[in-house]
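Participant: Below, each chain spelled out in residue letters.
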Amino acid sequence: MKVTVKLIGPLIYEGGFSEKTLTLPRAMTAAELSAFVKIDKKRPTIITRNGKAVTSKDKIADGDRVVISHIYSGG
Amino acid sequence: MKGWTGYILRVNLTDKTWKKESFTEEFAKKWVGGRGFAAKILFDELKPGIDPLGPENKLVVALGPIAGIPAPNTGKVVVAAKSPLTGFYGDGNLGSNVSSQLRKAGYDAMIIEGKADKPVYLNIEDDKVEFLDAAEMWGKGTYFSNEWIYKKHGKNAGVLNIGQAGENKVLFAMIRSLEGRAGGRPGIGAVMGSKMLKAIVVKGTKAIPQADPELMRKLGIDGLKKARELDQTSGWSKQSTNAVLGWCNEVNGLPVQNMRHTSHPEAHKVDGERLNDARIATYGCPSCTMHCGITIHDDEGRESELDYENIGMLGPNVNVFDLKKVGSLNYLCDDYGLDTISAGAVLGFYADAIEHGAASGDFKFGDADKAKTLLWDIAARKGEAGNLLADGALKAAKVYGKNSADYAMQVKGLEMAAYNCKSIPGQALAFGVAPIGGHHREAWIITFELKHSKRESYGPEKAAKVIELQRIRGGLFELLPACRFPWVEVGYELENYPKFFNAATGLNWTLSDFWAAADRAYSMIKLHYLREFPNVTRKDDYPPAVWFDKANADTEGPQKGVVLEYDKYDSLLQHYYDARGYDKRGIPTMETLKKLGLEAEAAAAAKVAALN
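For the protein sequence lines, the chains are L and B, in the order given. FYI, the numbering for the first sequence is 986 to 1060, going by the numbering used here. FYI, the numbering for the second sequence is 757 to 1368, going by the numbering used here.
With the rest of the complex left out, here is chain L (with noise of 0.2 angstroms):
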C-alpha cells in the first residue's frame, strides 16, 4: 500500500523528511503511520487524509495523503 505522508513544522526535523511517498508493510491506523514515521506519541498531533481530519484509530487506505501537524493555535 502506497501513501503520501507530509509532515508539518517541527515534525519535519523529528521525522526527518518532509514529504514522501511510502510503501506501507501492512494496514494501518493513522496513530500507527504517526508512529511509523517516527513522530513521538506523547506529542500532541492533527492528522488529515484528503483534506479531512481523522482520528488516530481511522484505516489509512492505498493511495492516501496523510498530512500530520503539530497542533496549531494561531498564533
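There could be a bad hint or two in this list.
Straight-line Cα separation of at most 20 angstroms, SDA-like style, residue types lysine to any residue; simulated pairs [unchecked claim]: (1) L/K1023 with B/S990; (2) L/K1037 with B/H1208; (3) B/K758 with B/N1258; (4) B/K994 with L/K1037.
Keep in mind the hints are simulated off the structure, nothing from the lab.
Model the placement of chain B on the given structure of chain L, informed by the hints.
Facilitator: Relative to chain L, chain B alone:
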C-alpha cells in the same frame, strides 16, 4: 495597593503640560491593566462621535501588574485609542522596552491628549517629561527614526514610533518598536500621527513595585527557564508561526487571491520550511522565550522580519509566492509603519476590484513590483488609488461600489488575518465577534474544529470554544499584558500567570477572577461600539458576504462547493450571544452588565442607545 505603581501619566500635547495622576485600588482590581485600563479610560474620557483623527481623541499606552518584570514574555505594551479605521475603540499590543521602562519611571499607563503644533517626540525619564523637536525624524521610516532615537537616548530606552503611514494618517498605520515589533492594527499609529507625535521614548530608574519581590523573582526565572525548555523540546521556533502556512494550505484554509481560493500549488515556496532555510536570525520581544520573528534577506538585500500573518497576507493573499519578494513587501510595511495584515488585505482587495470591474488600475495579483509601489502610494496617500486604499478595504469598497464590499475581507472595518474561513464556521464566528473587528488575536479555533468537533458543525461547542479562548487570549493576556505564545504554542501552563500576578500584587486571584475581568473588558468594548453605532445589528457580527457565496466555493478538493450558510451562521451567532449574555444585537444585556459591575457604564451608554 501593591503590584501597580498606582499612577498614570497624562500628557497634553497642545499646551505641552503633563501631570501624574493616581488611581484607586478598586480601579486596579476591576480593570487589571492593559486592555482593561485602556477600554475604561477611553470610555470615560471620550465623547461619542468625536473625530478619531482630531485632537479630542486620546492615545492610551497601558501596562499591568507583571508588565516589565522578568517572567515569560512580559515585555508587552497595549496601545489604544478610538480607531479611525473602525470608528470605535481599537487596540493592539506590541513588544517594547516601554513595558519595563514606563513602570520603572513610576507609571502603569500613559494618556496622551491634544495635538502638537509641529512634529514632536516625548522623552520621559522618571518624573521628567520633555517635548522635543522631531523635525529630523518626520517624513522618515521607522527604522531610521528608531535608530535615531537610540543614538540620542541609548539602546536601553523604550521606544514607540510611527512611520510615514502614521504621519499621513493612513487608517491602518501601526506603532512600531525595534525592541519587538508592531501593534495597534486599527490605525493607532494614525492617531499618533494626527497628534504630530512621532515617537515616545521612556527611561525609568525606580523599582517596579511588587508585593513579594523574592517570590516573583523565583517564579519569573523558573518560568523563563521552563518556557524556553518547552520551546526547544517542541522545535516550534524553527519555523515559528509560519509552520501553519503549509497546514492551512493542506486543509483549505489559506488566504489565496483575496481569499477567493483556499490553497495553492506554489504555497510551499513561502512555507515554514523555506523560511527556516532562508533564516538569518530570530527576534523576540523583551523577556521573550520563543522568538517568533525570523529574518531573511529580501529581494533588495535588506533584513526583513517575517511571521505567518505577514507572509500569508502579503504572499498568497496577493498571489506572491517568492519569499524574498514577500520579505520586501513586509520590510516596506514595517518601515512605513503599515499594518501588514491590512496592507495584504487591501492589496488583494484592490486587485480583485480591478478584476471585477469595480476599480481601475494596472495592478494584478502576483505583481510584487507594483505592490511595492502601491505600498508607498498608500503610506504617502499618493494618487487617487493610494489615497483611497489608505482608508482600508471597506471604505474603499464603499467608493468603488458594484458590490465590492462583499469581497472587502474585513469585519467592522478591520481587515481579517490570514485564515480563509468560508468552510470553517467556528473561526468565521471568531472573526465576526472579535470585539475590535476582524482580529485573530481574540480566538483561533481551527484545529479544535477539525479535531474535536466537526468542521461543518455550527453547534454551541464552537461558540463555547470561542468564548473560552477570548477569555484567555483577548482577556488574560491583554490585561496583564503578556504574550500568549508560551501557553498557546508550546504548552506553558496557564496556571502560572495567576501565580505571577499574585506574587506581584499580594492578591489571591485564580483564573476565574481573570475570566470575570476579561468579560468586563469585552463588555466595555461592546458599550464603546453601541455608543458609536446606536443602530447596531447582529449583521455587524457577520463576516464578508463572499464567504457565503456559492459562486465563491472551492471548485475542487475536499471542500468543493462548501461555503458558510447564513441561517446556520446566524444560529451559531445566537449560541455565542446566549452564552455571553448578550441581546439579539450582540450587546450585553443590563443583567449581564450588572453582574460585571458595569452599572455606571451602562447608564452612560443608555444616554445614547437603548440597552435591553
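Participant: All hints, please: hold or fail.
Facilitator: Checked hints:
no. : hint                 : in the structure
1   : L/K1023 with B/S990  : holds (15 angstroms)
2   : L/K1037 with B/H1208 : holds (13 angstroms)
3   : B/K758 with B/N1258  : holds (10 angstroms)
4   : B/K994 with L/K1037  : violated (26 angstroms)
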